[in-house]
Each structure stands twice: as structure tokens, then as C-alpha cells.
Amino acid sequence: MPYMTLDRTDLPSLAEALAGRGKRLVLPVREGPELFYREGADPAQLDLSTIPKNSIKEFLFPKSEKILEYEYTGNDVVIDDVDPDAGPAVIFCARPCDAASLPVVEPLWNWDYKDKFFNERRAQTLVVTYACRTAPDDACFCVSVGLSPSSDQGSDVLLYPVDDTRVAVRLVSPAGRELEEVFSGFKKGEVSEESLDAFAKEGEQSLADRKRLDKVKNWLEGHFEDPLWEEKASRCIGCGTCTFLCPTCHCFDIQDESVFDGGCRLKNWDGCQFSLFTLHTSGHNPRDTQPKRYRQRILHKYSIYPEKFGRILCTGCGRCVAHCPVNLSLYDVVSTAQERAEKGE
Amino acid sequence: MSDRTEGIREIARKWLGDGTVEAVVGWEQGTYKDKTSPVLIRTPEEADRLLFNERCTNNLMTYLKREPVRGMEKVGIVAKGCDIKALIGLLQESQVEREKVKVIAVTCPGVKKDDGTVPVKCRACDVNTPTFYDEIVGEKVDSSPEPGARFEGLEALDAMTPAERFRFWRGELDKCIRCYACRQVCPLCICSRCIAEKNQPQWVETSPHPRGNFSWNLVRAYHLAGRCVECEACETACPVNIPLMLLNRAMARTVKGAFDYEAGKDPETQPPLRAFNLDDDNSFIL
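Which chain is which? The protein sequence lines are A and B, in order. Mapping of the first sequence onto the working numbering: position 38 corresponds to residue 38, and the numbering continues sequentially without gaps. Each number in the working numbering corresponds to the 1-based position in the second sequence with 1000 added.
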């Protein structure tokens, strides 16, 4: 089955057409030396030169979100539910590792409690993904966690930049197929299914040296105590860069902010590398050193979450590798674990 | 710069071998692109991991405030001139004992940022050849600070009306995600429990909304006024690219103007905002 192609130069117009009137539009634009996904950015500024520094997480799980309001009236507290500040949205030219984060975290947001804030945003968000012809950054390792530079997981539509001028379109989900007419309006030609397969192969080839991380879970289960944690993570400074840039990290903190006669409750991003994250009221902290906190992050991603939800809590986007202020590389740590497992250590 | 690398390794090997120090904090080759990574070396055999090159951007003094280095009796630390300014700050404030820290100073022609550009601190550098250390490696490098480099960018802010300036900072601080990378890499953010982590009462809102972000970033800037040594660690680490050094350098310029003081120069002096003299200028109050 052939797939339609569009001109690359038509992508900004396509973004506008998809967003139509009143939809939020998120797309990657350049800010200084780096790219960021930004809501409301000018489509003409669309920049696809590399992977953005932030993930698409913030458009489904904002860094701070009001979840209820309350008023004091006499001796009573009146609680008002609030609805998510959501609305129809288009994330245009997400990277496959970002789109793939959505099916990874969906079970979490629908486990013992259905999080209406995430779910409502998710239901209203169309994800148009821009496949990577080759790995856009040295930090990329999507193939290590069973994904690929042209993975369609979590995508409604997948765009393949098959060469410098043409972009092939694959409508992935029912929501994506409903938009066939919009895409057809930009149709300039066709490519064969084989050429998309070749494209996918080229992407995977560019990451041929990355390790499959299929033995990491096993290794972790037997090495809760191991010199590796101290060796790698004593350099960790305990900031939230890795967790906050991560498309799959989802921990949050609840804060009540009051003024005189009422206030609101907020759901804010939180991170396991902060010393306060597990500090008990008694003063005891079960994760009292940075290597223990770092171990927790790896265990959660590669052992605990897969155990519970059947998926690795990592899409190999590499942001935690590229942007760690002290170059503590998650890939270095998990690939070391994999190597040791392969050697039977 | 390989002679510097050799020099660092030789001293580290000697100190670790004869028990002068328990460990040496230095840089090693990183795993991403040409980045380096801070490393804690504990045995003479491991000393060959240490290196110095133009990508040794991290200020390692931040490790003096945290475990396991904090608990050590004696520690060696590799440092550029700009990093040593932070050590001077820590000594002034009695945060470390001079006897505990053995400094391997390295002369430095300047470092490069991730994007290949030269940081402002290098263009404005007056300590290419450090003067405060236990051992020094590398050929002498003369300093020729580029006039005006240090405070460049501040003119544009000065030219704004207060309303324009507020809008500028509102835009920048809106980006803050409260990852606290700025605080965590900062060698002079020394509070064992930061005010942003105190909740009885909660002085600073932890939410990354405009009010919370202004509170946090301004509290940090004020606490660093006259103490910040302009190592740029915070701005380099910031994952959302807030120009934090504009805040810090504006503070440094004010302190310079009001007290003729520059942080990180002389361990025998005290930062003006933490010292009191009867003959201090009171004209701004009275």
C-alpha cells in the first residue's frame, strides 16, 4: 500500500490546518542553542533539526496544576472540584520517544485511581509524530528499550522525512485516520511501503551500537546492594533535571496554597533525587544518600514499573544523559548492568 | 593540555599513596559527546582516570558540601582559578577548614560550553593562573580580562523601564520547573536545609507558578549577593536556560558599587552582607 507524501515546506501550514480554530498547538522551535516544544509558537518557526530539550510531558501532566479549590465559611470548608484546564490540542512533530511515553504512563494514571486531569488531556490531544531518519543525538537509545527511531507507539499520525524535501504520512490511529482529508489537501506524491521499511531500517542502523537492555531487570533484582551505585552515583548532585526532562517520570507533590478565606490544592512535579522526597516526619530518611536515591530511580524504571505494569518506564530519549549537569549517564549505568548480567556477574 | 592531566595524576597518585588525602575530587572523561564528569578517586591506581581539558566546566567545590566528601578528614580537589574563588568563599564562611582541603590548582586558558562557545567568565577571567593552592600544574597563563565582558547584558536590562524589566523576568522565570539544579550545583548554596524546603511555615511556595518562581529565584539571588563568585555553574546547569547570571552579576555589580567588594578574592576578608562594622556607610538609611 503506498503512502502519500507532502512537501516538507508545507509542514507549518499542515500544523495550522490540523489545529484549526481554537485548538492548542504545540511544536518544536529554537530558543538559543536548543529546541523546545512550545504551546502557541508560530508554526513558521517549526524546527526539526534535533530532539527538543523538554519532553511533551508538560502538555499532559503540567508542572503545576490546580486540582481543587476550597473556601472557609464559618467553621466549614467548602470544597469545589475543578476541571482540567484542558481543551483540544495538537502536538505537532513530537519525536517517537516522546509519543511512546504516553502508552507507557497511561496504566499508571489509571491504576488505583483514574486521574481525570491526565486522562482528559490525553483524550483531547492529537499526537502527530516526526520519525527520526537517524538518531538525532548521541544520547539516543530508544532501540535499547524495544522502541525505534520510527516507532508509532502513542502516535495518531507518523510523519517520515523520507528525504530532504518529502515527508511520507502514515495515519496510525482511528483519530489519525479521521484526518485523512486534511492530509490529502497537502498531498504531492506517494512512496511505497518498502521505502518506509527502508527508512525504519536506516534509523535502527544508526543506533546499532546500543545495547539491548533485556537483562537489566534481572540484574537489578539481585544487586540492590552493589558497589556500582556508589561508583556511578556519588557524583549525583540531587537535582531534578533528569526526572523533570524525562517523558515518563510522573511523580508529583500535593501542595495547598491558602490566602485568607480559601485556597487551592496543586499537583506539582516532584522528583526522587530530592533529599526531601522520602524524608519522614520523624526525621528518618530511608534513602539518605544520593546513590540510594539514584538506585531508586533506576529500579523504578527498569524493575518495579515493568513488574507492575509490564513496560520499562523509559523510552530511551536520552535527555537524562545529555542534560545531567554532572554527566551521570543513565544509559551508562543500565548498559553496565546489562553487561554484567551478560557476563553472569 | 595533556601536561596538566599528567601533573594532576602525578600529584593525586602521590597524595593517595602516602595518605595525605582520603580521596581526590577531579574530572574524568564523560560518556556523552566530549563532556567530562566529576569523579571521586580513592586509590592511586585510579588516578589515571583524572584529566584536564577545555571541557572541564564543572565547579567541583560543590562536592565539599555533600557526602561522602563532607565527612572526610582530608580531601584533594582539582580546581581552576574560578573554582578556587568558591573555596575562598567557603573558607570565609567557615564552611570548610583549610587544613582539610588540599588543592591541586590547574592553570587554565579558558573552558568551552556544550555549544562550543566561550563562557563570559573566561572572557572576564582574572585568575587563569591561580594564586591560592597547595600544588599547581600547567604553564603560567596570563590573564587579560576583556573590558566590559563581565557585566555585558546588564546594559540592556538597565535600559528597560521597570515594567519592561518585570515582563522580561516574568518571561524567563515562567520557564522555571523547580528542579533546583541551580542550587544543587552551586558551591556556595550551603544551607543544609534550604528555605525552599521549609514548610513550617512555608516561606517560599514550591509550586512552579509565577509567584513561586519569583520567590525562589529572587531569594536565591539575594542570598548570593556578595557571595556569588560568578562560576556560572547554575546557568550552565539550568535545563530551561534561564539567564541566571544576569541576576547574579547585577547583584555583584551593586555590591561592588556599594562596598567596593568582589567575592572570592581574599580569604581574610568577609562578604559585606554577612559582616558588620561600626564605620559602615549608613547614609542610605539616615
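Hints listed in this document are in silico derivations from the structure and should not be mistaken for laboratory results. Incorrect hints may have been included.
Unchecked claim - FRET-style restraints, in silico, Cβ to Cβ:
| no. | chain 1 | residue 1 | chain 2 | residue 2 | range |
| --- | --- | --- | --- | --- | --- |
| 1 | B | I1195 | A | D81 | 30 to 36 Å |
| 2 | A | K116 | B | R1167 | 53 to 59 Å |
| 3 | B | N1277 | A | D332 | 34 to 40 Å |
| 4 | B | I1195 | A | D112 | 31 to 37 Å |
| 5 | B | N1241 | A | E225 | 48 to 54 Å |
Cβ coordinates follow ideal geometry from the N, Cα and C atoms, glycine included.
Taking the hints in turn, this is what the structure says about them:
{"no.": "1", "hint": "B:I1195 with A:D81: 30 to 36 Å", "result": "33 Å, holds"}
{"no.": "2", "hint": "A:K116 with B:R1167: 53 to 59 Å", "result": "34 Å, violated"}
{"no.": "3", "hint": "B:N1277 with A:D332: 34 to 40 Å", "result": "51 Å, violated"}
{"no.": "4", "hint": "B:I1195 with A:D112: 31 to 37 Å", "result": "35 Å, holds"}
{"no.": "5", "hint": "B:N1241 with A:E225: 48 to 54 Å", "result": "39 Å, violated"}
Comparing the model with each earlier hint shows violations of hints 2, 3, 5; every other hint is respected.
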